[in-house]
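*Asks:* The hints should help you fit chain B onto chain A, whose structure is shown.
Chains as they are written, first to last, in this note's numbering: chain A, 16 to 84; chain B, 15 to 231.
Each hint should be verified, as a subset may be incorrect.
[Claimed, not checked] Here are the simulated lysine-lysine pairs, DSSO-like style, with alpha carbons at most 27 Å apart:
| no. | chain 1 | residue 1 | chain 2 | residue 2 |
| --- | --- | --- | --- | --- |
| 1 | B | 28 | B | 94 |
| 2 | B | 153 | A | 36 |
| 3 | A | 37 | A | 22 |
| 4 | B | 28 | B | 98 |
| 5 | B | 194 | B | 175 |
| 6 | B | 194 | A | 22 |
| 7 | A | 62 | B | 221 |
| 8 | A | 37 | B | 190 |
| 9 | B | 153 | A | 37 |
| 10 | B | 175 | B | 190 |
| 11 | A | 22 | B | 190 |
| 12 | B | 23 | B | 90 |
| 13 | A | 62 | B | 153 |
| 14 | B | 91 | B | 23 |
| 15 | B | 194 | A | 80 |
| 16 | B | 119 | B | 94 |
| 17 | B | 153 | A | 67 |
| 18 | A | 62 | B | 170 |
| 19 | A | 80 | B | 190 |
| 20 | A | 67 | B | 194 |
| 21 | A | 36 | B | 94 |
| 22 | B | 175 | A | 62 |
| 23 | B | 100 | B | 90 |
In short, the hints are calculated from the structure, not lab data. Values in this document were obtained by computation on a predicted structure and should not be read as measured data.
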Amino acid sequence: MDQLIAKIADILEENDIDVTKKFEDYDNWDSLSALTLIATIDSDYGKQILNKDIASAESIEAFCKMILG
Amino acid sequence: MSYIYRIAKTSDAKRIAQIHANIKDVNSLGIFVLMGGAFLRQYYRLVLSDPYSVCVCAENFDGRIDGFAFALLDSKKHHKYLMKHKFGLAASAIGTLLIRPMLLKQLFLRYKSLENNDGTYATQEGVRNGYWGWDPDHKDIEGAMSIEEHIFAMLKVLGVKDSYGEVDIDNPRVLKYVTKRASIVEEVTLPDGRRRAVVHTDVENYKFHILRQFNNK
Numbered sequence: 016m017d018q019l020i021a022k023i024a025d026i027l028e029e030n031d032i033d034v035t036k037k038f039e040d041y042d043n044w045d046s047l048s049a050l051t052l053i054a055t056i057d058s059d060y061g062k063q064i065l066n067k068d069i070a071s072a073e074s075i076e077a078f079c080k081m082i083l084g
Numbered sequence: 015m016s017y018i019y020r021i022a023k024t025s026d027a028k029r030i031a032q033i034h035a036n037i038k039d040v041n042s043l044g045i046f047v048l049m050g051g052a053f054l055r056q057y058y059r060l061v062l063s064d065p066y067s068v069c070v071c072a073e074n075f076d077g078r079i080d081g082f083a084f085a086l087l088d089s090k091k092h093h094k095y096l097m098k099h100k101f102g103l104a105a106s107a108i109g110t111l112l113i114r115p116m117l118l119k120q121l122f123l124r125y126k127s128l129e130n131n132d133g134t135y136a137t138q139e140g141v142r143n144g145y146w147g148w149d150p151d152h153k154d155i156e157g158a159m160s161i162e163e164h165i166f167a168m169l170k171v172l173g174v175k176d177s178y179g180e181v182d183i184d185n186p187r188v189l190k191y192v193t194k195r196a197s198i199v200e201e202v203t204l205p206d207g208r209r210r211a212v213v214h215t216d217v218e219n220y221k222f223h224i225l226r227q228f229n230n231k
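So that you can see chain A by itself, here it is in the shape it has in the complex (with noise of 0.2 Å):
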């Protein structure tokens, strides 16, 4: 998992991020954010995944389990 909160944090533009946190409490999520992390769970993780399941995750820590199953 450590991998992948690493590759969110490079997205946000943060050294480290509080998993407990969703990802709009980000200041720097928008929607190029949110393009770049399906791109990067579909290259690096092979799974496709929509805007709503970033939305629908009640925090980062949730949306990685989720990826990582």
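*Replies:* Only chain B this time, still in chain A's reference frame:
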């Protein structure tokens, strides 16, 4: 929201230019946005009337275009087409140049590069990714991904295997997204000091996310 995806026509130039201008927070480094609305409108009239360009747009059910993407099937012929219409393009820039004369040098460097077809600013031959944009006032993540995929689907149907484009390295957020779907083949420094990455898209094996029916089996 559901969209109708269709081929963009010259009559769409005004709205497409408006979308391009609206995305200036992401593209503040580019001269096109700085050149203003009249220049952008004339530029897109040329893009949409060029026989070697393909442009797809996403229109909502009220008839408003929210996104577009274009590609050039032959960059060299596109450059020649722009040169053929250089006076119209120059005329559309006059208003902005009077207000921002410092842009003249940048524009002149672009013009000389285009005239010499030296590839300083843009891929000089072959298939080139054009601009891709979605109106930030009407955000739709899947729509934005879909419009990008539509242009690559169109290129694929037309038999294109490889496509090249450019991204400003000083725009790391855009570069981060682009390099998830394309690879950097070269880094160049422009005469104005900006660093630019030339990216390659493997159209033949492009992984479609939304338009899954185009994926290779």
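*Asks:* Now tell me, hint by hint, if it's right for this structure.
*Replies:* A quick look at each hint next to the structure:
| no. | hint | result |
| --- | --- | --- |
| 1 | 28/B - 94/B | holds, 23 Å |
| 2 | 153/B - 36/A | holds, 23 Å |
| 3 | 37/A - 22/A | holds, 15 Å |
| 4 | 28/B - 98/B | holds, 21 Å |
| 5 | 194/B - 175/B | holds, 18 Å |
| 6 | 194/B - 22/A | holds, 12 Å |
| 7 | 62/A - 221/B | holds, 12 Å |
| 8 | 37/A - 190/B | holds, 21 Å |
| 9 | 153/B - 37/A | holds, 19 Å |
| 10 | 175/B - 190/B | holds, 23 Å |
| 11 | 22/A - 190/B | holds, 11 Å |
| 12 | 23/B - 90/B | holds, 22 Å |
| 13 | 62/A - 153/B | holds, 23 Å |
| 14 | 91/B - 23/B | holds, 19 Å |
| 15 | 194/B - 80/A | holds, 22 Å |
| 16 | 119/B - 94/B | holds, 21 Å |
| 17 | 153/B - 67/A | holds, 13 Å |
| 18 | 62/A - 170/B | holds, 23 Å |
| 19 | 80/A - 190/B | holds, 23 Å |
| 20 | 67/A - 194/B | holds, 20 Å |
| 21 | 36/A - 94/B | violated, 52 Å |
| 22 | 175/B - 62/A | holds, 24 Å |
| 23 | 100/B - 90/B | holds, 15 Å |
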